[in-house]
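Asks: Assemble the whole structure, with the sequences as input and the hints as a guide.
Number of protein chains: 2
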Amino acid sequence: MKYHARIYVTLRPSVLDPAGVAVQSGLKHMGYENVEQVRIGKYIELTITAESEEAAKQQLDVICDRLLANVVIENYCFELTEISTPAEAKV
Amino acid sequence: MKYHARIYVTLRPSVLDPAGVAVQSGLKHMGYENVEQVRIGKYIELTITAESEEAAKQQLDVICDRLLANVVIENYCFELTEISTPAEAKV
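Chains as they are written, first to last, in my numbering: chain X, 1 to 91; chain U, 1 to 91.
By construction, these hints were calculated from the structure, which means they are not laboratory data.
Some clues are possibly wrong.
One copy or any two copies: either way a pair holds, since identical chains are not told apart in the list.
Said to hold, decoys possible - With a straight-line Cα cutoff of 27 Å, these simulated DSSO-like cross-link-like pairs (lysine-lysine) come out:
| hint | residue 1 | residue 2 |
| --- | --- | --- |
| 1 | K28 | K57 |
| 2 | K2 | K57 |
| 3 | K2 | K42 |
| 4 | K28 | K42 |
| 5 | K28 | K2 |
| 6 | K57 | K42 |
Replies: Right under this line is the structure:
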């Protein structure tokens with residue numbers, strides 16, 4: 001089965017986020033004083049082929065742990081959606 | 001009212017994603033031949049104070065257009081959730 005995965009990688013709450021601070025400061029300069037707590041993370045989409053949803057989840061856990069996230073400073077979570085039709089000719 | 005916004009910024013489908021290609025190639029080397037169509041985007045969380053959900057959405061549209069996304073090559077979308085209790089002392 002083919003699954004579409006949406007993976008979110010975010011900095012742990014205790015870790016400083018200089019990019020988020022920079023964006024918040026930029027927004028203040030643009031007049032948006034009402035925006036706070038800006039945190040910037042990664043959003044990854046991919047297609048994974050596996051025997052079952054459980055197998056796909058297990059593989060994604062390893063992939064996130066080893067490649068996509070630095071688990072010392074980052075958290076991750078993901079959502080899986082089964083792709084019903086073979087999407088070989090996507091434009 | 002305070003709203004928690006989750007913003008997703010992704011490359012338009014027609015734009016090449018070298019980082020995604022690099023991740024896919026890395027996964028192949030790790031033995032994950034079953035992963036395809038890797039695309040890497042940004043995930044931004046923030047808190048916005050506005051009079052109504054509609055007002056928050058309008059402000060976020062401008063913020064995304066002007067600062068968070070490059071609309072020539074990127075798409076964005078966001079989700080808003082109302083924060084019911086004042087969360088001033090988040091740890």
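Asks: Determine for every hint whether it applies to the structure shown.
Replies: Right, here's what the structure says about each hint:
For the identical chains of this complex, K28 and K57 are inter-copy neighbours only, at 18 Å across copies versus 40 Å inside a copy, given an alpha-carbon limit of 27 Å. For a Cα distance limit of 27 Å, the shortest separation of K2 from K57 inside one copy, 12 Å, qualifies, whereas the shortest one across copies, 34 Å, does not. Proximity of K2 to K42 under the C-alpha cut-off of 27 Å is found in both arrangements, the shortest distances being 23 Å within a copy and 24 Å between copies. Taking the shortest Cα distances, K28 and K42 sit within 27 Å of each other both inside one copy (23 Å) and across copies (21 Å).
Taking identical chains as interchangeable, the C-alpha atoms of K28 and K2 lie at most 27 Å apart only when they sit on different chains, with a minimum of 17 Å there against 44 Å within one chain. In this homomeric assembly, K57 and K42 come within 27 Å of each other (Cα to Cα) both inside a single copy, at 19 Å, and across copies, at 22 Å.
The structure shown violates none of the earlier numbered hints.
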